[in-house]
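Residue numbers (the numbering used here), protein chains in the order written: chain A, 1 to 444; chain B, 1001 to 1358.
If you are wondering where the hints come from, they were derived from the structure by calculation, not from laboratory data. It is possible that part of the hints are untrue.
Pairs of lysine to aspartate or glutamate residues, derived as EDC-like cross-links and limited to a Cα-Cα distance of at most 20 Å, are as follows [what the hints assert, rightly or not]: (1) A:118 with B:1046; (2) A:177 with A:122; (3) A:427 with A:197; (4) A:118 with B:1005; (5) A:433 with B:1005; (6) A:123 with B:1157; (7) A:123 with B:1045; (8) A:433 with B:1046; (9) A:427 with B:1157; (10) A:97 with B:1005; (11) B:1350 with B:1046; (12) A:118 with B:1180; (13) A:123 with B:1005; (14) A:295 with A:315; (15) A:166 with A:431; (16) A:433 with A:122; (17) B:1152 with A:197; (18) A:435 with B:1215; (19) A:118 with B:1311; (20) A:279 with A:257; (21) A:97 with B:1046; (22) A:165 with A:197; (23) A:172 with A:431; (24) A:172 with A:197; (25) A:60 with B:1157; (26) A:165 with A:352; (27) A:307 with B:1045; (28) A:200 with B:1046; (29) B:1152 with A:315.
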Amino acid sequence: MNLRKLAVAASVAAIGLSAALTTPAAFAAEEQFFPVLAYRTGAYAPNGAPWANGFVDYMKLTNARGGVNGVKLIWEECETGYATDRGVECYERLKGKHGGATAVQPLSTGITFALTEKAPGDKIPVITAGYGRSESQNGAVFGWNFPLVGTYWMGADVLVQHIAKKEGGFDKLKGKKVALVYHDSPYGKEPIALLQERAKMHGFEVQLLPVAHPGVEQKATWLQIRQSKPDYVFLWGWGVMNSTSIKEAQATGYPREKMYGVWWSGAEPDVKDVGDGAKGYNALAMQHGAEPNAKVIKDVLSLVHAKGQGTGPKEEVGQVLYMRGLISAMLQVEGVRAAQGRYGKGKHITGEQMRWGLENISLDQKALDALGFAGVMRPVQTSCLDHMGSAWARIHTWDGKKWNFSSDWYQGDEKVLRPMVMLASSKYAEEKKIKPRTPEDCKK
Amino acid sequence: MFYRENGQFKTSYQADQQIFPIPQDRWVILGIVAFAFFGIPLLVDEYLFRAILIPFLILSLAALGVNILVGYCGQITLGAGAFMAVGAYAAYNFLIRVSGMPMLGAILLGGITAALVGIVFGIPSLRVRGLYLAVATLAAQFFWDWAFLRVKWFTNDASSGSVSVANLQLFNWSIESPTDKYLFCLGILVVLGLMAKNLVRGSIGRQWMAIRDMDVAATVIGIRPLYAKLSAFAVSSFYVGVAGGLWGFVHLGSWEPAAFSIDRSFQLLFMVIIGGMGSIVGSFFGAAFIVILPIFLNQMLPLVGGLFGLEVSIALVSHVEIMIFGALIIFFLIVEPHGIARLWSTAREKLRLWPFPH
Chain A
1 MNLRKLAVAA
11 SVAAIGLSAA
21 LTTPAAFAAE
31 EQFFPVLAYR
41 TGAYAPNGAP
51 WANGFVDYMK
61 LTNARGGVNG
71 VKLIWEECET
81 GYATDRGVEC
91 YERLKGKHGG
101 ATAVQPLSTG
111 ITFALTEKAP
121 GDKIPVITAG
131 YGRSESQNGA
141 VFGWNFPLVG
151 TYWMGADVLV
161 QHIAKKEGGF
171 DKLKGKKVAL
181 VYHDSPYGKE
191 PIALLQERAK
201 MHGFEVQLLP
211 VAHPGVEQKA
221 TWLQIRQSKP
231 DYVFLWGWGV
241 MNSTSIKEAQ
251 ATGYPREKMY
261 GVWWSGAEPD
271 VKDVGDGAKG
281 YNALAMQHGA
291 EPNAKVIKDV
301 LSLVHAKGQG
311 TGPKEEVGQV
321 LYMRGLISAM
331 LQVEGVRAAQ
341 GRYGKGKHIT
351 GEQMRWGLEN
361 ISLDQKALDA
371 LGFAGVMRPV
381 QTSCLDHMGS
391 AWARIHTWDG
401 KKWNFSSDWY
411 QGDEKVLRPM
421 VMLASSKYAE
431 EKKIKPRTPE
441 DCKK
Chain B
1001 MFYRENGQFK
1011 TSYQADQQIF
1021 PIPQDRWVIL
1031 GIVAFAFFGI
1041 PLLVDEYLFR
1051 AILIPFLILS
1061 LAALGVNILV
1071 GYCGQITLGA
1081 GAFMAVGAYA
1091 AYNFLIRVSG
1101 MPMLGAILLG
1111 GITAALVGIV
1121 FGIPSLRVRG
1131 LYLAVATLAA
1141 QFFWDWAFLR
1151 VKWFTNDASS
1161 GSVSVANLQL
1171 FNWSIESPTD
1181 KYLFCLGILV
1191 VLGLMAKNLV
1201 RGSIGRQWMA
1211 IRDMDVAATV
1221 IGIRPLYAKL
1231 SAFAVSSFYV
1241 GVAGGLWGFV
1251 HLGSWEPAAF
1261 SIDRSFQLLF
1271 MVIIGGMGSI
1281 VGSFFGAAFI
1291 VILPIFLNQM
1301 LPLVGGLFGL
1311 EVSIALVSHV
1321 EIMIFGALII
1331 FFLIVEPHGI
1341 ARLWSTAREK
1351 LRLWPFPH
């Protein structure tokens, strides 16, 4: 090929690259920067996009309400495509911008695992609201991980409590069979430990049925379910895998009423295409479900979308995953607020101060009501040793058109969860030679 | 003018047979290596190290391994990702199960394990060729994907199936900062790269190339296909396995089998095809193309959009990135089917005549 053309092309590219790398980092003390790791493309985009929309909308709402004591929030999105290596690249790209990232929400268990290794060095808290690694609830060992308002272990525990209640008590679970249809990745494997622990306690049987990424190939899995006829099916799926599972259940004739999804498997995109076929399908609602009537949603519509600044389609505002993104953003904003309470109102917060803030989130019902979350959430109270802060969840059921709550509030059983968290986290501390923080360290 | 070997006379076979017989080449390459060791650590920030340079070095090493098998010995493989995984998981198991195992030792043992596994999965190459062999190596990919997902022993009973390594140390050198990690990978790459260059120039490399060009003729002149093919599989898998160990230990720190999925195998094969089959330097070009270009496009497009006053959403960026990337692959394959390495050598030929072409 023509060498000169190539040389010109190369030098143009080089100039572009240097321009890209020398973008000036505007640093202003009254701004607070958040990287947004999102996936709006790929196999999981239908679920990733509403999450990101809710997340960004809440930060816009916070700015419209005047920021956090006057501090404006700024953010930048980066597309991970749910791939761990791209996610790590995004994190590296964004963590130093605008005076440093305040906190990062990886939105993928794989990326969470990778960032868990990097966060202590960078001093940036990793918030995994409702996902991530369950043992990171123990803040003494996982100083920088925040699985706020729920983990997969807690979610699985609530599901077991729910079926026990349906059966009429934990003793009735004896001899029952629960099949776990899970996405074959660290995410899908998280609940296994808890289910096996509960199975040992109550004498039910757990059947493990992995489904390979992206989850459109499930014929064999459902054939197994047809043969073994489990009493309940728990679904730990994501993206296209969920709707495929429900369709396969319909095809095999497995009652949808006996299927329970985790909260990643319980949103509108998962069931909408199946429509009536998904009627009766249940899913875990980690605190919230679809909340189109909440005050905060009305605020988003009037203060953000009405001004033409909304992210994503207006019809999706208030749906399950949108709410999830919104609440994730709310928790980090409240972390900033808590940190400002100690380190100076209206000041820029560093990652290390943010950690203190996240460890001292105290949202009682009154504070939640003031933010517009009445009826959406229960109070959250984190501490240095408990990075989860709240273990409440409900079950909601799809009626063919929308999600309705079908149970009362449940609370994850500390007696089951705490020993497991302590065991797993102390194993991690031993492997990594981490000295757990003592209550004295927490005061610093 | 500057790049011309007129008047350079060799007086010994040794001088004639060295890797870079032309002094200009030699000095430039030495200069690049010296710059990589001493210059880059002073110039580059953490993002470039972690997001671009370290993955580039590690995947170059893997591409080098694949190139030995595909480019030099002519055996197509789609199982490179699996051998990376074998290297990474074997290294992990050596590190945690053998007390006092040094990190470098674990990575090299991981590479050796990958080499042994490579020999086993190379056995079909003695009977089947071409696309059929590619399908046979695909079996390796699926088998190891399955094994690392299902067999708990490999992951030390990690509940989520994700394993992690921390506190990397080489003798007393604690490999913590990105600069350390970069230098560690670079050191390994330089040593193994030099070894690869010498292997393919030596008797064993000639055997591989003879098998590649026509295996019947190679057998007639006395080359044993069994030995040549399996040694290519072993050496290639060793390189790929070491790269896998580095990918897990140094780059990711914590990984699951998805990090070494079939996509990784294709990526490595494309690196070799685009960079240049049967060329050591081509492996580096290919790795650069596949690692750096998507990230570059991803960062460039919003800026380009900004020039025209458009706000580009990240979803659009990532779609356009895939389109441009695909178009560039086709473009390069059409204008230069022999890969970027051939473009490079054409450029060198032109440079020799410059400024007075015929």
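Checked hints:
| no. | hint | result |
| --- | --- | --- |
| 1 | A:118 with B:1046 | holds, 13 Å |
| 2 | A:177 with A:122 | violated, 45 Å |
| 3 | A:427 with A:197 | holds, 17 Å |
| 4 | A:118 with B:1005 | violated, 50 Å |
| 5 | A:433 with B:1005 | violated, 58 Å |
| 6 | A:123 with B:1157 | violated, 29 Å |
| 7 | A:123 with B:1045 | holds, 18 Å |
| 8 | A:433 with B:1046 | violated, 25 Å |
| 9 | A:427 with B:1157 | holds, 11 Å |
| 10 | A:97 with B:1005 | violated, 49 Å |
| 11 | B:1350 with B:1046 | violated, 37 Å |
| 12 | A:118 with B:1180 | holds, 15 Å |
| 13 | A:123 with B:1005 | violated, 55 Å |
| 14 | A:295 with A:315 | holds, 16 Å |
| 15 | A:166 with A:431 | violated, 41 Å |
| 16 | A:433 with A:122 | holds, 18 Å |
| 17 | B:1152 with A:197 | holds, 17 Å |
| 18 | A:435 with B:1215 | violated, 60 Å |
| 19 | A:118 with B:1311 | violated, 31 Å |
| 20 | A:279 with A:257 | holds, 8 Å |
| 21 | A:97 with B:1046 | holds, 12 Å |
| 22 | A:165 with A:197 | holds, 18 Å |
| 23 | A:172 with A:431 | violated, 39 Å |
| 24 | A:172 with A:197 | holds, 17 Å |
| 25 | A:60 with B:1157 | violated, 44 Å |
| 26 | A:165 with A:352 | violated, 43 Å |
| 27 | A:307 with B:1045 | violated, 40 Å |
| 28 | A:200 with B:1046 | violated, 48 Å |
| 29 | B:1152 with A:315 | violated, 45 Å |
Of the numbered hints listed earlier, those contradicted by the structure are 2, 4, 5, 6, 8, 10, 11, 13, 15, 18, 19, 23, 25, 26, 27, 28, 29.
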